[in-house]
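Just need the whole structure built from these sequences, with the hints factored in.
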Amino acid sequence: MGVIRGIGVVVVVVLCVIVFTPIANEASGYFSVGSSVQPSGAIVVLSAGIWKGGMLDDESLRRTVRGIELFKSNVAPVIVFSGKESVEEPAMTEAELRTKLALTMGVPRDAIIKEETANTTRDESIRISALLTSRGVHDVLLVTESLHMRRAKYLFERTGMEVRPAPSDNYTVAAISPGGRVRLALRLVQETLALVYYRIAGYI
Amino acid sequence: MQQLFIIFLAVLTSLIVSATTKGGRDTGALRALFEWIGASAMFVVLNVAIGAVIILLIRSLTTGFVALYGLQSLVLLTLSLAQGFVFQYWWRGE
Numbered sequence: 001m002g003v004i005r006g007i008g009v010v011v012v013v014v015l016c017v018i019v020f021t022p023i024a025n026e027a028s029g030y031f032s033v034g035s036s037v038q039p040s041g042a043i044v045v046l047s048a049g050i051w052k053g054g055m056l057d058d059e060s061l062r063r064t065v066r067g068i069e070l071f072k073s074n075v076a077p078v079i080v081f082s083g084k085e086s087v088e089e090p091a092m093t094e095a096e097l098r099t100k101l102a103l104t105m106g107v108p109r110d111a112i113i114k115e116e117t118a119n120t121t122r123d124e125s126i127r128i129s130a131l132l133t134s135r136g137v138h139d140v141l142l143v144t145e146s147l148h149m150r151r152a153k154y155l156f157e158r159t160g161m162e163v164r165p166a167p168s169d170n171y172t173v174a175a176i177s178p179g180g181r182v183r184l185a186l187r188l189v190q191e192t193l194a195l196v197y198y199r200i201a202g203y204i
Numbered sequence: 001m002q003q004l005f006i007i008f009l010a011v012l013t014s015l016i017v018s019a020t021t022k023g024g025r026d027t028g029a030l031r032a033l034f035e036w037i038g039a040s041a042m043f044v045v046l047n048v049a050i051g052a053v054i055i056l057l058i059r060s061l062t063t064g065f066v067a068l069y070g071l072q073s074l075v076l077l078t079l080s081l082a083q084g085f086v087f088q089y090w091w092r093g094e
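Top to bottom, those sequences are chains B and Z.
Residue 73 in the working numbering is what sits at position 73 of the first sequence, and the numbering runs on without skipping anything.
Residue 26 in the working numbering is what sits at position 26 of the second sequence, and the numbering runs on without skipping anything.
No wet-lab data here; the hints were simulated from the structure.
As the structure is a computational prediction, the values presented were derived from the model and not from experiment.
Heads up, the beta-carbon is just placed ideally off N, CA and C, and yes, glycines get one too.
Any given hint could be a false lead.
To be verified - Just some of the chain Z residues that point at chain B, by a computed CB distance under 8 Å:
| no. | residue |
| --- | --- |
| 1 | Gln3 |
| 2 | Phe8 |
| 3 | Leu9 |
| 4 | Arg31 |
| 5 | Glu35 |
| 6 | Gly38 |
| 7 | Ala41 |
| 8 | Leu46 |
| 9 | Leu61 |
| 10 | Phe85 |
| 11 | Tyr89 |
Structure (structure tokens):
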């Protein structure tokens, strides 16, 4: 029981350090990729998720709005919305929901490309890059969560794309509440493990 | 400030309940708390690790797709806490 108790003490100490110090913010500052918005061939908005009832989830909405904001600032002629249907909402894809929002906000339909089949970030990188390459586009503004950006950027670069990151958030700065810092730390662990897995699998 | 307020609340309610209830102040309770947290942490890691392996196997052996994000479940965390409590209780009895 001594070992188990020791693990418990370590967990409590680590949790206290995460909650009461900015260590998670500092770590995520090193991990996340900064914004580098420049005129590009396309804006690519990676998928996040949808809720039952035909709604984009919070993360998806944040990314979509960031993508539309970039499009409206004329940094790219087309915008790619990614996202398939979900188990909860099988009748509508995330890309379609995003397209509806973009049309409402004044993005012309012929400037929108949808990718509605990819399951993973790796799938997205392969399929979207193929779509864009066939249109002669070789550089993109990549829109996703700041902590997801590193993995997504590696994947798109692997397909031959020149990637300019345009993160949809800045959690490093935003996560200041105890809960926010714990979530930030968990996302850091998750993305680090995902990077390790992708590296071992040879995806990046 | 928010963090200090949270600590203040926990200390305050502990003092109130301590002052208004009877019973011993056995330090064994703290040991039990750390054991429960330790056992629960162990189950969280086990559940997530085994869950990830199963999902990756399903992905590689079938055409079906299961998202790894499904492991970010509050229910899984709650079950891990319950597993931790039950098993540390049994282990203490041995």
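A quick look at each hint next to the structure:
Given the 8 Å rule on beta carbons, the hint for Gln3(Z) holds: about 5 Å separates it from the nearest Cβ of chain B. Evaluation of the Phe8(Z) hint against chain B yields a violated restraint, the C-beta minimum of about 13 Å exceeding 8 Å. Evaluation of the Leu9(Z) hint against chain B yields a violated restraint, the C-beta minimum of about 12 Å exceeding 8 Å. Residue-level restraint check for Arg31(Z) holds (minimum Cβ-Cβ distance to chain B is 6 Å; threshold 8 Å).
Residue-level restraint check for Glu35(Z) holds (minimum Cβ-Cβ distance to chain B is 5 Å; threshold 8 Å). Evaluation of the Gly38(Z) hint against chain B yields a held restraint, the C-beta minimum of about 3 Å falling below 8 Å. With its C-beta approaching chain B no nearer than about 5 Å, Ala41(Z) sits inside the 8 Å limit, and its interface hint holds. Annotation: Leu46(Z) was flagged as interfacial toward chain B, and the flag is violated, the nearest CB pair being 12 Å apart, outside 8 Å.
The interface hint given for Leu61(Z) is broken, as the beta carbon of that residue sits about 15 Å from the closest beta carbon of chain B, more than 8 Å. Residue-level restraint check for Phe85(Z) is violated (minimum Cβ-Cβ distance to chain B is 12 Å; threshold 8 Å). Interface hint status for Tyr89(Z): violated, as the beta-carbon distance to the closest one in chain B is roughly 11 Å, over 8 Å.
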